[in-house]
Amino acid sequence: MDVRLEGVTFRRGAFTLTCSGVFGEGVHLVSGRVGSGKTTLALLLAGLVRPPEGTVTRDGISSLTLSFQNPEYHVTEATVGAEVSSYGADPAEVTALCGLADRREDDPFTLSRGELKRLHLACVFTRAYDLLILDEPFSSLDCVQKKRVCTLVNERKGGVTVIFTHERQVLPQVDYLWEVEDGQVVCLGRVPDAIPAWRHAPPYLRYALDAGVVPENIRFQDAMEALCRTHD
Amino acid sequence: MIEIAGLVHGILSVPSLRIGEGHTALIGENGSGKSTLLSLLSGIAVPHKGRITIDGRLPRQVDVGWVTEFPDQSILFTRVDDEIASPSRFAGIPCREVERRVDAAARLVGIEDFLPRTVRELSGGERALVALATALSTDPEVLVLDEFDSHLDGETAEVVEEALSRSRCRYCVRCTQDMATAARADTVLYLEKGRVGEIGTPAAVFAAREQTCFYPPLWRIARGRQA
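Residue numbers (numbering that gives the first Met the number 0), protein chains in the order written: chain C, 0 to 231; chain P, 0 to 226.
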């Protein structure tokens, strides 16, 4: 199961994005500066944009979704409960899971952005998509909810998960790191070997790297554990 | 001084609160009332009960620059330079002064290259920078930012922090989920279910939050290294 991009080139005005690479099973984290083309890459992976040049091939993938940064883009129903049902999930179970049990009859647009995002992600994770693309899943969430999303990502069984994020505090365990730089999508490789080359590493990881240790993964606790080992 | 008295609005219940000049970071869980408080400070919403004043005036009597949580949705114009010029044009400012303001704001945020472009060509993060330049273009007394840093990568966030430190607004009130950003503020206000949990210097507020994830990661590492 994978998504394969071969000789893909996408142009919009003066902006050009090029990519060749394979997103295989596991968790991929893609970072890059503002305007580098991350969302364009997400759209290409999801098949919502066709590349004018090159090919995008999804092998063994029978279900996929792209979760947008703005949770309101996904709302289709008039109540929170009906919104959960539209994913084929149990409203009582999902709203209890994301702390919104008392809001089931409310209009989703009366939730705060963070609450709506929490609801949307809880719904998405009830489905076992072969390809799950998350564009800025941590934005609008407080740190408690970010940790919950990390748990959901890491408890997902199989499939290809691609996360596009600027997050600098709470990150999940990932398998591969990618960067979008100067219009080029580059796979830095497997974690932990790829971590030292990661230009967008959050400050806590940079701190560990500057101290001469490479954490096992990219979470805060991985950095702490690596730093503790330097004490021993 | 921003003064709040007897405020009841939505989830918010704030009997009394005073926020001094400088940068104030609002932190707290989702649904704790951060965006609601910002909408009141910006004058977009009016309190159901109670009163908010900024140096003795109501928010609607003060020049407030406001950037919403999803700024790309509040952009009105096709061209970037027209968008940044819009608050000044709406205020009837002479053309030459409008041009000066547009150039100054774009330079401050580091987006001079965007000026001749259309908004449609820009990414979500780039549009957020346009919204910030638009908010700063009138040299507002108060700048209100709703989770602005969530749109930015680390390098761009540094550029923006520098721009904010150089802006002349007397009050910058922002909510953020990035505790490192909050730690740079003069004042941190922790909201808990619509009420003021703590307010004070970053050191004081974070000391009370140390056992939670509302604590700057690098501070935690530094404490761990000292232990």
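Please keep in mind that the hints were generated in silico from the structure rather than gathered at the bench.
Predicted, not measured: the structure shown is a model, and the values here were computed from it.
Each hint should be verified, as a subset may be incorrect.
To be verified - One-sided excerpt, in silico: chain P residues whose CB lies under 7 Å from chain C:
(1) G196
(2) E197
(3) P216
Stated by the list, open to error - Among chain P residues calculated to face chain C with C-beta under 7 Å, some are:
(4) E28
(5) E68
(6) S122
(7) G124
(8) E209
(9) L217
C-beta atoms are modelled at their ideal positions from N, C-alpha and C, and glycine is treated no differently.
Results for each hint:
1. A cut of 7 Å between beta carbons decides the hint on G196 of chain P: the least distance to chain C is about 13 Å, and the hint is violated.
2. Look at E197 of chain P: its Cβ only gets to about 16 Å from chain C, farther than 7 Å, so that hint breaks.
3. Because the smallest distance between the Cβ of P216 of chain P and any Cβ of chain C comes to about 4 Å, under 7 Å, the interface hint for this residue holds.
4. The closest approach between the C-beta of E28 of chain P and any C-beta of chain C is roughly 5 Å, which is under the 7 Å cut-off, so the hint is satisfied.
5. Hint on E68 of chain P holds. Least Cβ distance to chain C is approximately 6 Å, under the 7 Å limit.
6. Interface restraint check for S122 of chain P: the shortest CB-CB distance to chain C comes to about 4 Å, inside 7 Å, so the restraint holds.
7. For G124 of chain P, the interface hint holds, the least distance from its beta-carbon to any beta-carbon of chain C being 3 Å, beneath 7 Å.
8. Hint status for E209 of chain P relative to chain C: violated, with the closest Cβ pair at about 13 Å, above 7 Å.
9. For L217 of chain P, the shortest C-beta to C-beta distance to chain C is roughly 6 Å, which falls under 7 Å, so the interface hint holds.
The structure fails to meet hints 1, 2 and 8 from the earlier list, while all remaining hints are met.
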